[in-house]
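K.L.:
Given next are the chains, with one letter for each unit.
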Amino acid sequence: MAEPSTEQQGERIPTVIADELHIVYRVHGAKTGKGSATAALSRILKRGEERGVRKVHAVKGVSFVAYRGEAVGLIGSNGSGKSTLLRAIAGLLPAESGKVYTNGQPSLLGVNAALMNDLTGERNVILGGLAMGMSREQVRERYQEIVDFSGINEKGDFITLPMRTYSSGMAARLRFSIAAAKDHDVLMIDEALATGDRKFQKRSEERIRELRKKAGTVFLVSHNNNSIRDTCDRVLWLERGELRMDGPTDEVLKEYEKFTGK
Amino acid sequence: MSETTHDDRVALGAAVSPDEGLTASRLAARYGLTVSGARPSLAEYVRQLWDRRHFIMAFSRAKLTAQYSQAKLGQLWQVATPLLNAAVYFFIFGLILKANRGLPRDVYIPFLVTGVFVFTFTQSSVMAGVRAISGNLGLVRALHFPRASLPISFALQQLQQLLFSMIVLFAVAAGFGSLPDLSWLLIVPVLALQFLFNTGLALIMARAGAKTPDLAQLMPFVMRTWMYASGVMFSIPVMLADKPQWLANVLQWNPTAIYMDLMRFALIDGYGAENLPDHVWAVAGGWAALFALGGFVYFWKAEERYGRG
Numbered sequence: 001m002a003e004p005s006t007e008q009q010g011e012r013i014p015t016v017i018a019d020e021l022h023i024v025y026r027v028h029g030a031k032t033g034k035g036s037a038t039a040a041l042s043r044i045l046k047r048g049e050e051r052g053v054r055k056v057h058a059v060k061g062v063s064f065v066a067y068r069g070e071a072v073g074l075i076g077s078n079g080s081g082k083s084t085l086l087r088a089i090a091g092l093l094p095a096e097s098g099k100v101y102t103n104g105q106p107s108l109l110g111v112n113a114a115l116m117n118d119l120t121g122e123r124n125v126i127l128g129g130l131a132m133g134m135s136r137e138q139v140r141e142r143y144q145e146i147v148d149f150s151g152i153n154e155k156g157d158f159i160t161l162p163m164r165t166y167s168s169g170m171a172a173r174l175r176f177s178i179a180a181a182k183d184h185d186v187l188m189i190d191e192a193l194a195t196g197d198r199k200f201q202k203r204s205e206e207r208i209r210e211l212r213k214k215a216g217t218v219f220l221v222s223h224n225n226n227s228i229r230d231t232c233d234r235v236l237w238l239e240r241g242e243l244r245m246d247g248p249t250d251e252v253l254k255e256y257e258k259f260t261g262k
Numbered sequence: 001m002s003e004t005t006h007d008d009r010v011a012l013g014a015a016v017s018p019d020e021g022l023t024a025s026r027l028a029a030r031y032g033l034t035v036s037g038a039r040p041s042l043a044e045y046v047r048q049l050w051d052r053r054h055f056i057m058a059f060s061r062a063k064l065t066a067q068y069s070q071a072k073l074g075q076l077w078q079v080a081t082p083l084l085n086a087a088v089y090f091f092i093f094g095l096i097l098k099a100n101r102g103l104p105r106d107v108y109i110p111f112l113v114t115g116v117f118v119f120t121f122t123q124s125s126v127m128a129g130v131r132a133i134s135g136n137l138g139l140v141r142a143l144h145f146p147r148a149s150l151p152i153s154f155a156l157q158q159l160q161q162l163l164f165s166m167i168v169l170f171a172v173a174a175g176f177g178s179l180p181d182l183s184w185l186l187i188v189p190v191l192a193l194q195f196l197f198n199t200g201l202a203l204i205m206a207r208a209g210a211k212t213p214d215l216a217q218l219m220p221f222v223m224r225t226w227m228y229a230s231g232v233m234f235s236i237p238v239m240l241a242d243k244p245q246w247l248a249n250v251l252q253w254n255p256t257a258i259y260m261d262l263m264r265f266a267l268i269d270g271y272g273a274e275n276l277p278d279h280v281w282a283v284a285g286g287w288a289a290l291f292a293l294g295g296f297v298y299f300w301k302a303e304e305r306y307g308r309g
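Going down the list, the protein sequences come from chains A and B. Just so it is clear: in the first sequence, position 116 is 116 by the numbering used here, and no numbers are missing. Just so it is clear: in the second sequence, position 88 is 88 by the numbering used here, and no numbers are missing.
A portion of the hints provided could be inaccurate.
[Unchecked claim] Now the in silico label distances, taken between C-beta atoms and shown as ranges:
1) A229(B) x H223(A): 56 to 62 Å
2) G286(B) x Q144(A): 48 to 54 Å
3) N85(B) x V53(A): 36 to 42 Å
4) D278(B) x V53(A): 46 to 52 Å
5) G169(A) x L84(B): 39 to 45 Å
6) K155(A) x V188(B): 46 to 52 Å
7) E137(A) x D278(B): 49 to 55 Å
8) V79(B) x R140(A): 51 to 57 Å
9) Q144(A) x E44(B): 55 to 61 Å
10) P220(B) x S36(A): 21 to 27 Å
11) R198(A) x T23(B): 30 to 36 Å
12) K213(A) x R305(B): 34 to 40 Å
[Unchecked claim] Calculated lysine-lysine pairs in the BS3-like style (CA-CA distance at most 25 Å, straight line):
13) K98(B) x K99(A)
14) K60(A) x K99(A)
15) K99(A) x K211(B)
16) K214(A) x K258(A)
17) K55(A) x K211(B)
18) K202(A) x K213(A)
19) K211(B) x K60(A)
20) K182(A) x K60(A)
21) K63(B) x K182(A)
22) K213(A) x K199(A)
23) K202(A) x K155(A)
24) K214(A) x K199(A)
25) K301(B) x K98(B)
Hints in this document: simulated from the structure, not taken from any laboratory. Each residue gets a CB set at the ideal place from its N, CA and C atoms; glycine is no exception.
Chain B with its partners taken away, still in its complex shape:
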């Protein structure tokens, strides 16, 4: 009821409510109403997200299961897909191109497979992140939940996917003579840090993709360039031996290269600490913290606008 009608109502003489004549915002304040769809504070947002943790888990698992539910082999594809991937890369880079410069064969094959899987983890998180909001606009426009649930859920789905790939990876490593030992325990912190990094990146991409859906077309090329610059199929220090040291350092300190190298170091016996760049753990932790926190805040800043599409 707007204020302009105030006088007319008074003229009618009947019981006049004290609310008459208040502006909408004053009336709202009087009865403790809040603006619908306003962005909560960061602390409140984290709390809401925590309340939705079961939904986030259930959604990521549901997406994972739904992926292969029409296939006859069903969930077997969770393991078969990475296995076939590894076989293709082995065939091309191991047998035909012989890209194993500077690395013995029993190191190179697990080196390559680790690289492919670890990079794919980040790559698929980015691609899922771009579509996390823009591809689920129906959900965003129908139900209330902190929107960060979606990119986080997709990153979690990729983590679960990677855990299936790890089964293949363990088999390959063991098959080429790197048997399980204590250093395999390092896999846990490496995966945790990479997951944090991926989630942050997925959150950033989700906000960018919500505004510019074209990114879904562009990102595959960006990701492929990133893959070739990260030393997935070759060792960066060996490949860049005749180039200045700083160039190799820069490439090696890029987040995916760091996580790949740490994973290789943990898994493969013949891949020792001499292959790692300086301050490798600090850099790994730094990237994870920077992207997870930065990405989360960046995503939260646009929380109230995701429904617009």
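For reference, chain A alone in the conformation it holds in the complex:
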């Protein structure tokens, strides 16, 4: 584990700076009250601020600086804003106020949203690779590697079948294999460690370690304190959208475990 004292010998190069970051979601049709058509109509007719829209303040004024070579864990109870914070760092969610500065383009590990269940695994590998910004040549080069890693073809020629015919474990394995095929500068992993059977979990943990080595900075969201302890030297603890604690893994986890009553 990298202690700050050992790091100060070399220059610490910041890769991600969050400055008083606020994220607000706007949810339509969730305004408390009657959900009937007449109620909706009266909302439209009534003057006022945004009608029929409820605001959810998911991240409230978070500031931190992450440095090159750091692996930062994000912990906090469900709905505390961890995934939202990751998306904002990646520039996928616009900030309500405040800013995030990054070195290069941080990427979330995951391509689920780009894949289509009605297409064959083969075409999904290509589509997913292109969606992550790989070139056609890169996809072609990595194709066999991805298929082999997923182990989809271990039980016969499944890669040429539509993904909707896969078992949920198989689909998860293929999705992880596609997502993990690309190297990233700033890598963000959102509870991606636990997919597939025991054998595949081992293999994917290894792959994540490899990706971590190549990446400049890693963010990991997980509810598994052990995997945080294994991978991260620093932990940010979010609660209700606020940064409750920021420090070395052991200290923060100790407080967090006290808080959750373990």
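On the provided structure of chain A, position chain B as indicated by the hints.
P.N.:
Frame of chain A; chain B shown alone:
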């Protein structure tokens, strides 16, 4: 690390980094960090989009294939759907309503089918455009790519869909005596211009639909009104013969009417240049350029906000 902690750190006395005490923006500038998710310049945006051309193509083809992948007849529906559409319109307007005022029957049937297909091309591009962002928010919030890839990809999907419909259209035209000749080559520029127009419109609708998803409910009515005003099942000059000329001109110069008329002119032997409004090619090109460029810039202006939903 905020500036307020500065003094405490100094008090500790240990090696103090020169970065201590810098504000976030100064620190970012010092190490060349950029604001995450900021909108790129227009030129940079075009370049990024060009880099993603393979993704745009693959996405549109994937959507097209996925559409019929659960059907037993599979991709045969690509051709069967427009064929059935043409048959229904022929039955209602050709046999029952006899709407072919002023047009001989062997012109009217291909006239009608061309109109339906060409209008459907624009209509489905608009409808796909409205949902391009709002219906793919999961994708927008998970991966980085220029967001214009989505509406452009959907417009491209509709173009590929139309190319299948063209097979049916060629058969209908040939079946009613308009055999292939040199004028059929005009189909290529007409389709290209209409595609540009549709893409621009899809980009505009995508931004509007991202902000106001209700448009998905409203647009079918707008599109139906537009369809009846564009002369899909009737000839505008014949229908409006007793109305002032400017009214017919205005209707005929509307983009979908222009592209329909040009397509009919290219395909159908009995539909000559006398049916076209003045300056038809200039108007066709003007609409395409106006919407493609305007729509692109309009969409780009909100690029950093699409993730908000």
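K.L.:
Which constraints among the numbered hints does this structure fail? Numbers only, ascending.
P.N.:
8, 9, 11, 13, 16, 20, 25
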